[in-house]
Amino acid sequence: MSKPPQPERVDEFLQLLANCERRLYGYILSLVQSFHDADDIAQETRTRLWQQFAQFEPGTDFEAWARTIAHYQVLTFREKTSRQRLQFKQSVVDQLAGEFAERSELYIDRQQALLYCIESVDEPSRDLLRLVYAEGLKIKEAAARQGRTTSGAYKALERLRQRLQTCIENRLAEDET
Amino acid sequence: MSVSPDAFNLPELSRLLLAQLTDGLSSREHLRLESLLESNAAARAVYLDYMHDSAVMRQVLHADQPDEAEVELHDKQSIWTAAYDMLIQPIFLSVLVSSLVITTGVLSLALIAAPDWRADDGDAPPYEFVARIERTSGARWSAASDIVPNRVTDLLAGEPVELLAGLAELHFRDGAVVLLEAPARFTPQTRNSGELLPGQLTAQVPAEAVGFTINTGRVRVVDLGTEFGVAANESGATDVSVVSGEVELYPPDEAATGGAIRVTRITAGQSVRIDAAGLRRVDPAAMPRFTRRLPGRAAVQHQRSGPPAEIRFVGKQLNLTAFRTPSVPKLHDADGDGVYGTAGYYFFNMGSEPQRRNEAFSQRARISLPRFVVAVRPESNTGSAGGFGYLSIDDPQADFTGDVPEIESGVAALPIEYVSLEREQNLFAIVLGDSLPEQGFRIGVLSDNLRSRNMPQAIRLSGAGGDSGPIRVDGDLNQQGDWFFFDVTDALSGDVLTISIDNRGTERASKTLGGLVFDVRPLPTTN
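For the record, the sequence lines run as chains A and B. Counted from 1, the first sequence has number 13 at position 13 by the numbering used here; the numbering is strictly sequential. Counted from 1, the second sequence has number 407 at position 407 by the numbering used here; the numbering is strictly sequential.
Isolated chain A, as found in the complex:
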């Protein structure tokens, strides 16, 4: 039986969580491929992490521990929704989960590079990213909001992602040198 977490550990918990929250969300998203599903699982994972935080041994890898909890939430979600969602087969999910964990450390620098690169895009492009990724609109809906054609928005988004990717690679290469 787990011991309930101590209220005085809330700050410690939030600090640890804040250090890895985006990567943890990325991990979940990579396994379920839907923002809405990832949001739900992330919410549930957060609750589980706190519930089980008493079991977490200080000084060990919180992110790896959190990923394990998140992974089981993903598995539970997959089981519940197996007939309603297109899902990758389990062997692919296992591959992705393992390789995300291997790349997780790289994502510390990548996240900083991405934030830098987002700053460099113009306001309409940033708005398009916000509509699609933060608000979760379909491209047609985002296009309508911006008063452009669907194919125009699609093309803009595709090029924007390419630009961001190039910017990230350049930024990371600069850091290395």
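I should point out that these hints are in silico values taken from the structure, not numbers from a laboratory. Mixed in with the good hints, there may be bad ones.
Examples of chain A residues toward chain B, derived with CB under 7 angstroms [to be verified]:
#, residue
1, Arg22
2, Tyr25
3, Ser30
4, Phe88
5, Glu99
6, Tyr107
7, Gln111
8, Leu114
9, Tyr116
10, Val121
11, Pro124
12, Leu129
13, Ile139
14, Glu158
Computed from a prediction, not measured in an experiment: that's the story for all the values here. Ideal Cβ positions, reconstructed from N, Cα and C, are used throughout, including at glycine.
Given the coordinates of chain A, work out where chain B should sit on it, guided by the hints.
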């Protein structure tokens, strides 16, 4: 860590990833993505980076949310730290007590569930896309077929589709083209075979796909290079009618039929019926009416899910026959190796005597398509011709490192009776597939390889939202071989590019082009 994405089609993967998080994927696209990820570590790396970046953007791009990296922990409003309030709420603590029991059971629950999925995986057949629905006319599919209307759709081996109404043109990976007529249930089986039960189809089989097979339960129809029609009813009774060439008929299973039919060869103009009574020849007039071509223009469907392609005229090189000889300067060689058509080519009806007119489009063609081109196919009235003493050019099949032997070129031809001197007409189409080069590719078109009266006034390359505009080809006609080059970028798998000709102002005659070459500019190397 750096992973080269060379081993897979990055534009295709990018398109799937973009669609996945925005408009969603069809089940086939989902399977395609899954198979890419399953088979390729570099694709998985791209996928994971893409998902990571998307996740970060979801969290930092809310309009009212400042950059999290810049703020104090307790000021944050992210979806995670919004939990703070909830975590210290009394209601949460009461839920916590009751949920601890559930929580401690989560791991064991998940572990119990996992073996079922793994067992499924072990039994799952490998996915292979073996055919593609390229075009339709009035098509309506059963819901179980999971066909997205108005989109080029890849078909998996062993996955049946049911056409309830209309016509559908399926292109097999090995080159055979099947025109399916409703009502029909059809299952692509391999890259060069399928099962029809019941339904009706015609098959056009180019030389490279000889051996194409249709199974109906009562007979295996094996093509020997031809066009034929097959109609099968629910019981498997099958009518076979050969339009051109020959087919062989085999028992589907020797043991099951007890040798009711032996191997039988039927030729052009012949028809047979195979049913419980065995095989018998029948009057072709008593056979079903097979539809051989889709009505109307080529592009019946294919609404792309990506941005439009860009097609740009690059330039021309006049009076060139030694297109494979590196020592002869090449003005528009994308890969710089002094050879046009390094990535691939399609030359129509090559070779000298006998004289050949109004032949099938792919007759005597010399074909080596790039891996990103599925097929080059004629528009409805386009045939081919050769053997009339047309211009001799380098033999595309010869080794181009030494002296390149020549061969008489032929033509794709729109016969005079179909030529319009008042409007543009499509001559043939280039169907694009997977493995499209990220940087695009270059197409060269051979013109002026026979009499000037047979040349169009202009050609145009268009499709997938791109358009070169009309390019005049009648300026320097001397039957010495003129080449016109186009760059294509942002094309997607499933796109169909069309070569059209404009004959306004020209003499009434059949109108022709000689062939195609494909080259790809190398990606810049990085240190």
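Status of the hints after comparison with the structure:
A hinted interface residue such as Arg22(A) counts as satisfied when its beta carbon comes closer than 7 angstroms to some beta carbon of chain B; here the least separation is about 5 angstroms, so the hint holds. Against a cut-off of 7 angstroms between C-beta atoms, the interface hint on Tyr25(A) holds, since the closest Cβ of chain B lies about 5 angstroms away. The interface hint given for Ser30(A) is met, as the beta carbon of that residue sits about 4 angstroms from the closest beta carbon of chain B, less than 7 angstroms. For Phe88(A), the interface hint holds, the least distance from its beta-carbon to any beta-carbon of chain B being 5 angstroms, beneath 7 angstroms.
Checking Glu99(A) against chain B: minimum C-beta separation of about 6 angstroms stays under 7 angstroms; hint holds. Checking Tyr107(A) against chain B by beta carbon gives a least distance of about 5 angstroms; that is within 7 angstroms, so the hint holds. Because the closest C-beta pair between Gln111(A) and chain B is about 6 angstroms apart, less than 7 angstroms, the hint holds. Annotation: Leu114(A) was flagged as interfacial toward chain B, and the flag holds, the nearest CB pair being 5 angstroms apart, inside 7 angstroms.
Hint status for Tyr116(A) relative to chain B: violated, with the closest Cβ pair at about 10 angstroms, above 7 angstroms. Because the smallest distance between the Cβ of Val121(A) and any Cβ of chain B comes to about 11 angstroms, over 7 angstroms, the interface hint for this residue is violated. For Pro124(A), the suggested interface contact is broken, since its CB lies about 14 angstroms from the closest CB of chain B, more than 7 angstroms. Interface restraint check: Leu129(A) against chain B, minimum CB-CB distance 6 angstroms, threshold 7 angstroms, status holds.
With a least beta-carbon distance of about 5 angstroms to chain B, the hint placing Ile139(A) at the interface is held under the 7 angstroms criterion. With a least beta-carbon distance of about 6 angstroms to chain B, the hint placing Glu158(A) at the interface is held under the 7 angstroms criterion.
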